[in-house]
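Dock chain G against the given chain U, drawing on the hints supplied.
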Amino acid sequence: MPKRTDVSRVMVIGSGPIIIGQAAEFDYAGTQACRALKQENFFVVLVNSNPATIMTDPGVADKIYIEPLNIDVIKKILLDEKIDGLVGMLGGQTGLNFSMELAESGFLDENGIILMGTQADGIKRGEDREDFREAMLRINEPCIPSSTAMSIDDCVRIANDIGYPIIVRPAFTLGGTGGGIAATEEEMIEIAVVGLEASRVHQVLIEKCIAGWKEIEFEAVRDANGNKVTICSMENFDPVGVHTGDSIVVAPAQTLTDHEYQKLRTSALKIVEELEIVGGCNVQFALHPTSGEYAVIEVNPRLSRSSALASKATGYPIAKVASKIACGYTLDEIPNEVTGKTKACFEPAVDYIVVKIPKFPFDKFVKAKKTLGTQMKATGEVMSISNNFESALMKAIRSLELGIMGLYIPTINQLSDEELFQHLCIVEDKRLFYLSEAIRRGQTIEYLYDLTKVDKFFLNKLQHLVTVEEQIRSCNTPEDISEQLFRKAIYYGFPDAYIAKLTNVTTDIIRDLRKSLKMNYSYKMVDTCAGEYTAITPYYYSTFDKMNEAVRTERKKVIVLGSGPIRIGQGIEFDYCCVHSSWALRDIGYESIIINNNPETVSTDYDTSDRLYFEPLTADDVRAVIENEKPDGCICQFGGQTAIKLIKTISDMGVTIFGTSADMVDAAEDRKRFDKILEDCNIKRPEGSTVFTVEEALSLAEKLTYPVLVRPSYVLGGQGMAIVTNNDEMIEYMRIINLVEQEHPILVDKYLRGVELEVDAVCDGKNILIPGIMEHLERAGVHSGDSISIFPAYIPEKVRDTIIDYTRKLSLALNVIGLINIQFILFNDEVYVIEVNPRSSRTVPYISKVTGIPIVDVATRIMMGASLSDFSFGTGLYARYPWVYAIKAPVFSFEKLHDVDVSLGPEMKSTGEVLGLSVTYAEAMFKAILASGFKFPQKGAGVLLTVKDSDKSDLVPLADKLLALGYELYATGGTANYLNRYGIPTNSVRKMEEAAPNVISYISEGKIKMLVNTESNSTVMINNGFRLRRKCIEHGVPTITSLDTLVAVIDCLQNQTQPKDIKPYELGSFADIVRSTRNEIVPMNEAPPENKMLKK
Amino acid sequence: MSKACLIFSDGSIYEGTRFGADRDAVCEVVFATGSTGYVELLTDPSFCGQAVTLTHPIVGNYGVFEDVSESERLWVGALIIRDLTEVEGDERGAEDFDAYLKRNGVPGLYGVDTREIVLKIREEGTKVGAILSGEAKNVDMDAAMEMIKAYDARHLVPEVSPKEVTVYPAWHQGWDENKINSARQTNKRSDIALPQTESLEEKLYKVAFLDFGAKKNIIWNLTMRGCEVLAFPWDTDADTILGQKPDGIFLSNGPGNPEHCGQAIEEIKKLIETGIPVMGICLGHQLISLALGAKTHKLKYGHRGANHPVKELESNRIYITSQNHSFVVEEDSLPSERCVVSHVNVNDGTVEGIRMTDKPVFTVQYHPEGAPGPQDNNYLFDRFIALMRDSKH
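Line by line, the protein sequences give chains U and G.
In terms of the working numbering, the first sequence opens at residue 1 and continues consecutively.
In terms of the working numbering, the second sequence opens at residue 1097 and continues consecutively.
Bear in mind the hints are in silico, worked out from the structure with no lab data behind them.
It is possible that some hints are incorrect.
[To be verified] Some, not all, of what chain G presents toward chain U, calculated at C-beta under 7 Å:
1. T1151
2. V1155
3. N1403
4. I1414
[Unchecked claim] The calculated lysine-lysine pairs, modelled on DSBU-like cross-linking and capped at a C-alpha distance of 30 Å, are:
5. K546/U / K1391/G
6. K341/U / K1223/G
7. K488/U / K1099/G
8. K343/U / K1391/G
9. K1396/G / K515/U
10. K343/U / K1396/G
11. K488/U / K1233/G
12. K1396/G / K518/U
13. K703/U / K343/U
Remember, predicted model here, so these are calculated numbers, not experimental data.
Just so it is clear, CB atoms sit at the ideal spot from N, CA and C, and this is done for glycine as well.
The following block holds chain U by itself, in its conformation from the complex:
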């Protein structure tokens, strides 16, 4: 069928901020979609609140709205832009839910807007539990016994009918929020309460628990003509019961007979036919390991994380094809861009093994519950490709950046047999390693299978790896390793560095040994067809075969190192930077080469770079790519800490580093060298020094006087950072931090509670360009990634100039070529430097978009020889006095992670971010807070206040405002007395340790609609405040842990702004305002003329 002509202006809804369960995969899908739609000459309008994405970049769509994803806002933009076609299947569950709401309310029909792709009734048949079961019954596909419940009474009745254990699955949620497995009625009720709350339609499914069955997924694509194909099968390492996002996944499925495979494939195709999918769909099955009986677990009638994985695993661009289908094309009309010869109407054949392993945030949330279940907890994932399972697994393990290269983890090795057994009985993030340890201790495959139901196929492969590892470990020197064993180890994916570590020699020795045996890295192509047709997209993975398909070209070339899996502290922002760098390199005639291992991202899309190496980002793997490509140089400053960690290895290889040198990166990180630089530049920093031991830490803290800020050197995202206020806390902190062997010293600095300011700058070696200065709403102490960030900073002219001056001095002192990120504290009218990172930062995408300066593009060109004078942005501070506000707010995933404290501190906890744009401060702040998912309490609702003593005086005026706004105030003992004494009527509520009614029962009963809780900065986690905050998160009660944040929220409440009243700004026109007003001086403390409301 030809392209449809009934629509011309199309809206794509993005998925919003990165949260657990909805990550970078939708940036990848959305970007592909926008480009596919633009190719067909549709006018594309994109709405997404997430500024860190490629999809919200100028040029990806015709018009871009970085606005809150709110139904009223979306309606407004739909009407303003005269949209006649809506694509909702690419923005994850968020996009799908909005599309459904618009369709079901009749808005789309009333306004002549066509839902492109799968229609609302089909989506409903896939999403609504009851409709889905009816549909499956109609086509005779088996489901798991289950029933939907709208109340706790329903839940109890149904669970009794089905029999325990049961699974609770809330309807219309992401990543299984609020679900879980229950073996008893009590457990079930606890889960169901949360689940009902989490569901948009207040509905949960009570389902028979089929633990131990295999979990298999199929990705299917169907066009409007009824043509349908499956793209990829995927098999979970973990049996049913673990969310697929938290499971190790292998593609294609490995342990299915043809009969089983075809049975499930046929079922998947029947289902997409029944749902009349027009686009992509994911179907999940449970398969009994021996009887072959199967059941459909669920379907996702949209693009998903699994479809991104399937796309990267096969080379088949599902999002692009789904978009073309939405444009009206049939599968046989859409070309397969990988081969250039065949059509999209085929099923990829795969001649390699793909392994995906999730990346969990438990290295940051040390005390979080690590058990895995139906609720997703991983923040990101890595994928690896190889020609055998063992090697694919080994590659994936080292891609995780856990500090391990194989299946051996020392702390697990130290467990007693009994402890190990306990760990094996539950499903945890490190199950792979517990299983391996059990094999190492001689447990049989039979025994482990009975215990875990992990398929013997996988257990046998683990045994291969453990055996080889142990055999090598038993060799004292590399010479003792037989050639056969050595070859086997290399084939199984043991990197040189690991064999070296096991035999206590240097990596060079092993590398030479390997090369002497002619076992060299060679690269194979991902081509969608197992070699049957010639392919034209250069997308490679390494093997140790003789034939190398990645033959070096004669073009000049640069390697850009990627940023690996999405994790807290290193998110999608860095992928944004890598993608832009690759594009810039292409533009100026270089062959751009990306190395990365994250299947969710745009950087690993086959057409983002000229060559893509899907490889781990370790010294060995990167070295091998460099040896194969012999590039003109490498760029390491865009891939976050992952890439910067490799700069020394690469530099030592004699490879040119484009941008700031390895030595200067070290100078910025090394305390002594950096202090010297600051001294030379005459720049102040908070007083401090480095320590290794507890004793040193205590004596230094005494000298500095508490509070002090402590942190390990060489970390990103404030990992392990804390504010310490007394000796006990210091002892506790040092104990925890020294659980892991510290290669580098611990930094201890005086903690200054001032205003934090941040800049990103580009330096060409002579001049600097600062797009804008950002200010953090929360006072220093909250990690910059977790604070609300305001552009522009309203600071005295003198301070502004100091910041420009310091930035210039530091950039030049560090010989920065490219990007630098500096964080300052303004304390008692003095500017202190607290952190300098000679690399890209989290704020680069946001400040790029709001100022209209393509920072990464400029930086990349400068690294390749251009100077700032080649651009039209000038030097110094670009947006000095822009008449706009761009406010970035963090977004957290606390509801997915049990036992994690929601209180903010110097260690970063947010998973994503949103942006509010306006010409007034008030509106920008409202947009940012609204977009972050904060549920503003309705007038008259209860607000619970419980703050630390030092905050009590600051609380009084704020509580007064809340009261004036009509809120009912509740507070615990001390806070209530304090407020009442100041004449603010406050209800005193009993603490949780006291008998009910107390704070907990008030929250459970829904009397509290907002919590304000500030805690003394204690590293002791188990305390009442923690339980209180968790309780609120679990009941969906918005929680504020800083009075600075409360000020902003109260501002919004006072303005009584409603989502329908806000004015959306198109990103291009917003940047135009910045450009035209940037140098128009307005007196200090006087806001731009359009501003109705002054900033405090």
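Chain G alone, transformed into the frame defined by chain U:
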């Protein structure tokens, strides 16, 4: 385990490790891209004498269940794979793959770069290769060259076709005799309404089946739809077949060059003129085309896999098909006054099926029975049943 090498006439050597039977072989080397169904593939008579290179990198993962065999024995000449999985103590009682090949005398080679072989075949075409014991540095190259030179693309159908008539009772749906009577209740595959019968034992149609080396799943697809299948040796004459008064005639798949089956083509010419519904699969499709006066030629490297898109021209629908063939029918050579091309391959445009316009005869080049491969094309068997039903009334 000992080393062995695959050697081509140009002197290229691929060293790997032996598994399965420890014996040398010389075969036409082909590749197949499906990811599942190695037992079905090994027992498919169409692979007779060929050395099959599997692109799926790990083979033997779920062991062996012989009840999925497509014939009574293994036909593949040799198997070349990347990595081998051993199966021990399987819950379902699966046999280890290596042991299975040993027991059945089929030599295997693992640890070779199968992708390199595939790319070579893709670029240079299907070629004859020898598998000999020894390491690359000391393998007997002269012997290999002799073997390759002596290799003759022989007529394979007589080797794989049964010598006697076999009767497969209606409602049979696999090797297991017990499944016969339950088939009618459990059969959900057929989309057409079958006539009601008094007895479950009673057959609905009698199908004369010319067995050129048929995959059993073709027969089961007919029997489970209520057909009694009389499988005849490939060279049975038309009169003998017609003497059985069949409701329909089926021409199976089979190995080798269709032009070698000249004798059968003459009989087929008679069969297709009778007005009895005829369906042909793979070799059967090629033979009917040849009987109509068309020509066939050998593809550079054939179609072998479970992912080939085929367009049914009448409905403009695309189906994913299971394929295994070297030869194709030349479209221009088909008599346009007697037949139309009904199906084409979406990737390379080759003929995938024809339909006679004056007789109830249709064919497909691919395998609607799957095994291994998709079940999307079962509807073609329903179509055959419908033709028999219509011509009966």
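Problem set entry | Distance restraint between K488/U and K1099/G, which requires alpha-carbon spacing of 30 Å or less | 15 Å, holds
Exercise. For the pair supplied as a hint, K343/U and K1396/G, is the alpha-carbon distance within the 30 Å limit?
Worked result: Holds, at about 20 Å.
For this session: Given the hint that K1396/G pairs with K515/U, test it: the Cα-Cα distance must not exceed 30 Å.
Result: Answer violated: K1396/G to K515/U is near 37 Å, above 30 Å.
For this session: Could you grab the alpha-carbon distance between K703/U and K343/U and see if it respects the 30 Å cut-off?
Result: Violated: K703/U and K343/U sit about 71 Å apart, past 30 Å.
Exercise. Going by Cβ atoms only, is T1151/G closer than 7 Å to chain U?
Worked result: 4 Å, holds
Exercise. Does the structure keep K341/U and K1223/G at a Cα separation of 30 Å or less?
Worked result: 24 Å, holds
Problem set entry | Distance restraint between K343/U and K1391/G, which requires alpha-carbon spacing of 30 Å or less | 27 Å, holds
Exercise. Does the interface hint hold: is V1155/G within less than 7 Å of chain U, judged Cβ to Cβ?
Worked result: 10 Å, violated
Problem set entry | Given pair status - K1233/G, K488/U, alpha carbons within 30 Å | 20 Å, holds
For this session: For the pair we were handed, K1396/G and K518/U, check the Cα-Cα distance against 30 Å.
Result: 33 Å, violated
Problem set entry | Satisfaction of hint between K1391/G and K546/U, Cα-Cα up to 30 Å | Given pair K546/U, K1391/G is violated - Cα atoms ~41 Å apart, limit 30 Å.
Exercise. Hint check: is the beta carbon of N1403/G less than 7 Å from a beta carbon of chain U?
Worked result: This interface hint holds because 4 Å falls under the 7 Å limit.
Hint compliance for this structure: hints 2, 5, 9, 12 and 13 are not met, and every other hint is.
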